[in-house]
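Novice: Heads up: the sequence lines are chains A and B, in that order.
Mapping to the numbering used here: the first sequence position 35 is 252, numbers consecutive.
Mapping to the numbering used here: the second sequence position 314 is 487, numbers consecutive.
Just so you know, these hints were derived from the structure itself, not from any lab.
Using N, Cα and C, we set each Cβ at its ideal position, and we do this for glycine too.
Don't take every hint at face value.
As the list claims (entries may be wrong) - Subject to a maximum C-alpha distance of 25 Å in a straight line, what follows is the list of computed DMTMM-like cross-link-like pairs (lysine to aspartate or glutamate): (1) A/K268 <-> B/E255; (2) B/K326 <-> A/D259; (3) A/K281 <-> B/E512.
Said to hold, decoys possible - Covered by chain A, per the in silico footprint, the following chain B stretches (three or more residues, Cβ under 8 Å): (4) 463 to 475; (5) 553 to 564.
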Amino acid sequence: MNKLIQSIVLLLNFIQSEQLSAHAVVTDYSLKKTAIYANKSDKIELTFNSKIELGLSQIYLVSKGDKQELLKAENGSKQGQIIVYVPPLQSGEYAIKFKIFAADGHLTEDVIHFSVV
Amino acid sequence: MAGIADFLDSLVGGFDLICYSLTIGGLFWGLFVLRPWDNQNQYNSILLHKTITLVYRGGFLLAAAQLFKLVLKIWLMTAVLERWPFPDFAYTTQFIGGIVRSILTIFLAGYCYQTLSKHPFSKSHWIIAVLVALPMIISGAWLVHAAARFDNKSLQMSLTVIHQLAAAAWIGGIFQLVNLWLLRQAEQVPDQLWPLMLRRFSKFGIASVLLILASGVPIALQYIDTWNGLVGTGYGNLLIVKIMLLSLALGFALLNKKAVAQYIVSANDYVLNKRVPYYIEAESFVLITLLFTAASLASQPPAIDIPTLTASWQEVINTFAPQIPQMNSPSHTALIAGEAGRVAIIDQIPSIAATEWSNYNHNIAGIFLTVMSFFAMLSYVKFLPYPFSSLSRYVQLTRYWPLGFVGLGVFLFFRSDAETWPLGPIGFWESTFNNGEVLQHRIATFLVLSLGLFELSARMTKNPDSKLPFVFPLLAAFGALMLLTHSHVGFQAKSAFLIQVGHTTMGLFSLILACGRWLELKLDKPRSDIAGFISVAALFQIGIILMFYREPLY
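So here's chain A without its partners, still in its complex pose (with noise of 0.2 Å):
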């Protein structure tokens, strides 16, 4: 009886979820108050609540049909602040999808959606 519980408590040990915690969040981003323009560089600055590690951080630029590119990123002036260098885009539908750690261990991923005008 005691081997077949363990068993079912072990067994359970390796049930999952698919999405990860998400402690850090954007509490800002550029994008509400400044639209992106087709066919010139920009960057896009992004507010987070907590502490970021950027060197252990990720964030894509999301393209129609899902097609992903790595952004390069900086940290901001300010506290939680990261400014993402978006390049020459067309007009349409895009997205800012992050991977994110925080400085308290927290692994973060998020969607922010934005139009090219």
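Guided by the hints, dock chain B onto chain A, whose structure is given.
Specialist: Relative to the frame of chain A, chain B by itself:
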């Protein structure tokens, strides 16, 4: 693979807090409750040996858990970032703090194992052990939520450490009481120690709870700034769950305190021996669940940071609103057709078929549970009132109610994953071991089938010493733990929260189901019947929630 690492991270977080409670709570127990130097004639070596063993074993396991958390983080980052995270990870607070805390914990556990165990009656050795623990306790401050924040960082880090310390003192003390009861049952310690320790722990427990509240309330006020934030976010929701679990545990603590007071007046130890130990066991279930919930809370964004993603209280209430269960399922073809649009990032199209598929699964499962728990509640009735009295002879058939779990298991097997065998094109083994979500559903199916078969056998057995009946409450408690720790945080925080709120409520009822059944098996009549009825009534509530479940469209 990232999902497995992330989920294990939540589980290890809870395990870490249990070990922390065993170690730090055990030290406080020795220093403030047991006080061996004052009671050299009353205590024997077995009691002190077992007490200190719990402390150092908890410490070694805590160090292992801390190191395993680092391994999981490396695994998680490698899977998500698709690259080896070093050397960057080596410079993070998490890595350095984790290594430092592990070393300090090993040092503490080593001291208790090597030195304290050889001088268990020495006050100075107990004090040194607490002093050795101090750096480890303080080092934990760099591994909590607050360490990454910008506002009131030091204050929040300090309050969190005090909160953890107070919780460890209380919960570690409860673990030590369970240990003492087991020793007493085995006749390895004198009988009079049981009431003595209960009385001493009563005061210590009250002080710990007051400290938990005094440190917890300011933390909550920093992270939740509106009533809507409390009701309409994952962080607020888990905090409410923590408050409810705390209330439940305090309810058991109050019963114990009353029993001790009654014993002091009457010298009758019946309640102290026949009820209190089992209340303490049930309290342990609640407190362990509380620790896992606390670990899960750390993975939620604070309500104050997501004001635009907060659900209104009307939306939360609407999640539980009674409605006609969905009895028709969309076709498998329609479901598969909508998947590509649903999971797309650009041009995402919410799938009505996926939502209805999920609603149907939840609602039918709810009907299964509601019907079987109705019969389960009926099984506690000896005779039916008029005009149903002629049916009383059939009431005994209601004891076969666990068979409903078998039917539910078969239903889940066919319906959980539309794209896999037997309904979809992906094979059984391929889907089970290549997709974590499918694996989760397969295990849930196995769990439900096991619950049914174990509980049916347990209720049928004529062997009074059978351990079979204890499987059901243990599995139910584990189910509660999973429902409470498995948060649904995805790309759409509000939709995810509205799914989460139903699951955490079911988690609470699942814990009541577990505690009720456990107490039914342990207590004397009529309390055992009352506990048993509450247990299946909680199952009924889970059925009702599932029957009315509506998934947000996303």
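Novice: Holds or violated: the stretch 463 to 475 of chain B covered by chain A, criterion of 3 or more residues with Cβ-Cβ distance under 8 Å?
Specialist: holds (count 5)
Novice: Test coverage of the stretch 553 to 564 of chain B by chain A using CB-CB distances below 8 Å; three residues minimum.
Specialist: The restraint on the stretch 553 to 564 of chain B is violated, since only 0 of its residues have a Cβ under 8 Å from chain A and three are required.
Novice: Holds or violated: are the alpha carbons of A/K268 and B/E255 at most 25 Å from each other?
Specialist: holds, 22 Å
Novice: Checking one constraint from the list: CA of B/K326 to CA of A/D259, max 25 Å. Satisfied?
Specialist: violated, 34 Å
Novice: Assess, step by step, whether the Cα of A/K281 is no farther than 25 Å from the Cα of B/E512, and give holds or violated.
Specialist: holds, 17 Å
Of the numbered hints stated above, those contradicted by the structure are hints 2 and 5, listed in ascending order.
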